Structures are given as C-alpha cells and as structure tokens.
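Here the protein sequences come in this chain order: A and B. Residues 247 to 579 in my numbering are what the first sequence spells out, letter by letter. Residues 108 to 551 in my numbering are what the second sequence spells out, letter by letter.
Calculated from the structure, these hints are not laboratory results. Heads up, a few of these hints could be off.
Said to hold, decoys possible - Here chain B is said to cover these stretches of chain A; the calculated rule only asks that three of the stretch's residues, wherever they fall, bring their Cβ under 8 Å from a Cβ of chain B:
#, stretch
1, 260-266
2, 298-307
3, 433-445
Predicted model, so just to flag it, every value in this text is computed and none were measured. Every residue gets a Cβ at the ideal spot worked out from N, C-alpha and C, and that includes glycine.
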Amino acid sequence: MATTFEIVSVHPDVRYAEQAAWAAFELLDRLEQELSRYVENSDISRINSLAADQPVLVGLACLECLEISARIHAETDGAFDVTAGRLVDFWRDRDSIAQSSDENRFGVPPLGGFLKSPTKVGTTNHAFHSSLGGKTRNDGSLEEDLRHARRQTGMHLIELDKTSHTVRLRTCGVRIDLGGIGKGYAVDRMARLLLDWGIEDALIHGGRSTALAFGKPARQEGWPVSLMHPDSGETVSRPINLCDRAISGSGLQKGLHIVDPRTGRLAVNRRAAWSSAPTATLADALSTAFMVMTPEEIERYCANHPDVTAVVTRDAGGREANEVQIQLYGCDL
Amino acid sequence: MARRAFFRSAAALGSGAVLTSRAAEPKAEAEKKAEDLSVAMIGVGAQGQLLLGSCLKIPGIRFRAVCDIWKDFNLDGASQMLRAYNHEHRAYVDYREMLEKERQQLNAVIIATPDFCHAEQAVACLKAGLHVYCEAPMSNTVEGARQMVQAAKESGKLLQIGMQRRSNPRYIHCCEKVVRELKLLGQITAISGQWNRSVQPDRGWPKRATMDEAALARYGYPSMQQFRNWQWHKKLGGGPVAEFGSHQIDVFNWFLDARPTAVMAAGGTEYYDRKTHEWCDTVMAILEYPVRQRTVRVLYQIVASNGNLGYYEKFLGADGALVISEAAGLANLFREATAPDWGKWVNLGFLVQTGKRPDQTDGTRTSVVSITDSVTQTHYTVPVEFKEPIQKAHLENFFAAIQGKAQLNCPAEVGYAAAVTASKIYEAIETGRKIGLKAEDFQI
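Chain A on its own, in the form it takes in the complex:
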C-alpha cells in the first residue's frame, strides 16, 4: 500500500463530493483486488498460476485491461508488454533492490504541482505493487535465467477469448504484471464513476505519476499540473492546464530500472518520459513505452496517433547532471 491516489473535485455540495470520492475509492479497492499481481487471489494471480492451455474465467476489468494492453503492445511494436513480469523479477532479484519502496520500483513520481489545486476532496493510500519477492542468484547462471525469462515474455503467450471471458497461457510460467497500466485503468474507471455521480470537474491521480482531469476549476483554463524531473525535482515544462485529458510519467529514479521487453535489457535511453493522451490507461502505458522506444519510434507513434503527446528527456553522456533537456513529440501539451 505505497501509492497515494487522490481525488480533487469541484462541487457545491461538499458532503456529496466526499461520498462520491469514497465510492470511487471503494471501486479502486475492488480493482486492486482483481488486477494486482501481488494479491494472491486476483485475476492476474489466477492467470499467473495457470498451467499451459488451461483457460480461466476472469472478470471484466481484467479482460478489458488485457485487451487494451494487447492493442498498445501492437501499436508500440512490443515496447509496452504486460507479460514482462519475469523480466521485471529477474532484474529486481539480480540487483537486490528489494529494500526500495514499492512506489519507486517503477521510477515514479515525476509529475508535480497538484497541491496547488484549489479544492481537495479526498486521499487514499493504494498500490498496485504491494510486496516484493525473490532472492539474489549468484550461481553464474544469470544469462541463462535471463534467456529463460525472455522465453516466458510476450503477448503471443497469452490468449484472450472475449466471447467466453477466458484467458489462457500458451506456456506456463508467464507472469503478467499490470504495473505499467493498472493505475491508469483505475483512474479512468474512477473518473467514469464520478461522472455518473454528476461530478463534472475533477482531477484524479495515482501516485502523482498518472493523472486525469475533466472539467476545470472556476476561473481556470484547466487543472494546473507540471512535469517534474525525477533526479532534480525541477519542473521541466511550462505549467500545463490539464482538461479532459490524462498525463503520465515514468522515470529512472534512485537507480531503479525499467525493462525493455523487446530486448530483456534495462532501459538506458533516457531518464524520464511523459505522455499525454485522451485516457489515463493509454497515458500510463505509453509513458512506460516511451522510456524504451527510440526517438524515431516515438516520433512515428505520435505521427500515427495525433491525440498523443510524448515528452522525453535527452540525456547525452558528458553533460552536466543538472542540465535537463526535453524533447516533445506530437501535439502541444
């Protein structure tokens, strides 16, 4: 339980807004129970413990998350891959970084500026990563372990059946990890709930790394947010007025890692990446993918998806550590 979700909303009836926020947090609870790899009876854990070719009936949230993940995987040529759990485990175990906090494991939080928001309607502590496991291997078989982990990674290894609501693994040992998309999905679902309650102006964020805003506070053009560099803590963009859009950040912080699922190796291209997209689910997944994609790949992606913006740091060797340069692709923020 390391990630803080927060809802900031504008509504004339404070009590009503609180009850709506509470209902959204209860939804978040239920989603975590279904989607976290670290909850032993979640749908994701049920899939991860499957033998090969054994179908399992799953909930709508799980199926929807996996369907979206498969689509983004295809659109990013494999740079975003929820089946990379084995690779994540491999690198985590290898470096014994288990002492680090859960929240920092995936290199967040590079977003800032929420506390300046005018109305604050509720907080909760939550995480899609709630435990760490594994031991350090020193037996000289690391390369073989990595090859093995790569063999158990790939969207082609999972089979989704929308008609029967089942998921099947083509080989056992695949570890699905929604760490790169679950927060965004939860934020989108919470937003849908708030809209159903008639809350028309709100900002929701998960761990300050994925935020969605709809409507806007009075006398403002949107919800003011900024992008923060993971190392320096400095703002790397002009203030952004977020409105009816989502923004998400990923980064390497305190020596932690993001794995490139296409190579099995650690992401070294850049220190941080942000994405802005119509949904938090997409923004969350894309900020992870942009960490490992080449500039050319990001440019091509944004050209093909005009509603997406990518912002990445340019980290050339030899530069001063505090000199941060960023590159923007796609539509303006």
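Given the structure of chain A, go ahead and fit chain B onto it with the hints provided.
Frame of chain A; chain B shown alone:
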C-alpha cells in the same frame, strides 16, 4: 486502509446529467448444458456484486434472473454485467414476481439483500423448492434466523449461510489439521479477535439514481439515507456484531467445536451520530466456551472508528499461537519455546517455517545443545495457497452440494449458532449483565 477526506467547498455548479438505463429483455433461452445450474440473485449491491463476480468465474453457472429494488443503479449494473457474460436473464424489482415467473427454471437463489429481508426471502425461496445461498448474518433477529432453519428443514432444500471462511482452504487446514489433528497449539486457553475499521462517511448515491419515497416505503425503508446505510439501523440490519462478528464467532465455534455458555459485553455509539447510527460502533465482549472441563475465554472487539490491524482471530494455546485472518491470506503460527518440536510437521509439509532459525529435526541431534546466539520465537505459516476470490470456494461448495457432490460447509444450523450468540452479546450490552447460554438456545 486508512482514509481521511479534506474539504473546502468551491464554485457552485449544476447537478449532473440524468442517465437512464433499462434492464435487459430476455432473448431466446441459451443452450443449457445438462450439468449447468440455473440461478437467480436477489440483491446486487456491493456484496451482491462480489458474489455475482465470483459466480461468473465458475463454469457451469447460468444466471436466469436478477432482482434488486434499486433499478436505476444496482439492477441495471448487474444486468449489464450479466449481458456482458452472455447470460440470458430477466431483471426484476420485486422478488415475489421473480419467484412466481422463474421458479420452474431455477435450481437456486443467492440472497444478498439487507439483513431484515433475508428471512422472508429465504423462506419464500425454500418453500418454492429452491436451494438458497444467503449472505451472513442470517437475519437481524433470532426469530428470523429460526424461521430460515425451519424452512430449510421442512423443504428439504439446502440453505448455505455465507460465512465463507468455512470453505477457505487456509482456515480448513488450520482447523482440521493444525489445531484438531496435530494439536500444535496444545490446550487452547484463550482467544482474541477483532474487526476494526477506519472512519467512513455515510454511503451516498448518485443523484440521478435517487429512488422515490413511495417505492422506498413499499420495501420497508424510511428514506434513501437509511436504504443506503441500512447496516446502522436496527429495523434493517443486524448491527456490527451480527454483520462482522458472526463470521468470527463462527470461527471460534468451529475451531473449538463448541458453543459459548456465557457472554459479557459493553458497547455503544461513541464516534458516529447516534441518530443515524442506532447500532453500537464500539463493542467489547467476552465469551466463555466449555472445552474439556475447562473454560476457554474469548476477548472480542469491534471498533468502527480505527482500522488498526484490521480483522483477525488469534488462538493461544500452551504450545503455540495461531493468528489467522481472511484478509491478506494470513495464517501465522508461533511455537512456544517449551513446546514439542515442530520440525517434523515442516518436513511432512503441514507447516512452513518462515523464521530465520530452523527447528532441530527429530532424531538427528548429534549434540545436547548447539551454542549460538539467543533463540527467538519461531514463526511458521501454512503451505496453503488460496488463489480464488474469497466467496468463490464457498459458492462452489454450495453448487457442489446441490449436485450431490459435497456436503454444505455452512448449513443453516451453523449460521443460527452465530446468530444466537450475536443476539446475546447485544442483550449483555443492553442489560449490563452476564448472559448465560444453554444448549437448547442453539437448537430449533
């Protein structure tokens, strides 16, 4: 989970858009496999949706009908979910109409309505010849629970009470193997348990789905506020001792294979508004169980204003302690330093040692003592994985019992014992006296 909300009112804005939705119209009957069970659900609020979600993960279960008085929210939501899973079904607001029209094609009904509805609905379903799974507690009154037991007996139909720990493999292993067969705790002398929850606001509802007062009154609710917060109202809910406590009282009954003979208790509404929270928000109770000519005492608490340590049950015996909780898959065992060695039970796979220091293995000692740093209490857990939603195993047991493949894990009589005990705790609070219980109090 700790939560605190902070507020500051802001600009006034108009109310939300009105959304409408309609229940599904049934289409042609879906192809029905011989082994499929046809079921209906009454009450699809938060708990009902959990049960519905669990059922949808069980192959061979087909929903034919769903019922909830809150059409614009619960009923439409459940119907939408069933449609997504291709369950051809009809949606009803009134359970009597549902029973009349659907009873012929149903095998069973799952009831997850507020407590005061359970007895009437369960009895009607049983009399209609249907098996019933009913959420715990059985009723908000002992009389209601008694009627349910009688109806089950008279109808010959199954009545499973939703105290799902009875089907939790971790609880089953701890009770049947660790406590009863291996007797690893030794003589159990004391038990404690708690159900602590953080402060939470009254439940609200989307404005667009507000029910009109006439409809609420028709189904026994004085207001929308009470409908959404029925747990706190004496005419509607059984209160926290029934709602939460009955699950844990049942664990005490089950593990000790006994019924309490006396209860003492104190409690009150000390945090929430007493006008909107008729039931106690704080309860401290002591239960006495006769076990082999001695008394085992249980210290039990419910605190609705602080979630510290959540909910668990702790058994203390002369040889060891067991702390078990449905939450987070917890089952921890601690061996007393003076207790017989547990190494062989680890070797046989009944326990897993998680502490740093291994026990001496039986029969392999080569020295009287191995000198090392001071010994800490050894910690164990059980090698039982439970990778299913917590209600799913209990529902599967119910469905297997209908098909003649299993015995019910929690038949009505078991639920009744917990209901009687909960009512005696309230009686002790109200009278300020120690209340005795006789064997006949638990009999129908």
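_Coverage assertion for the stretch 298-307 of chain A with respect to chain B, Cβ distance below 8 Å, three residues required_ = holds (count 5)
*Quick check: the stretch 433-445 of chain A, covered by chain B? Criterion 3+ residues, Cβ under 8 Å.*
holds (count 5)
*Holds or violated: the stretch 260-266 of chain A covered by chain B, criterion of 3 or more residues with Cβ-Cβ distance under 8 Å?*
It holds: at least three residues are needed, and the stretch 260-266 of chain A offers 7 whose Cβ sits within less than 8 Å of chain B.
Violated hints are absent here; each numbered hint is respected by the structure.
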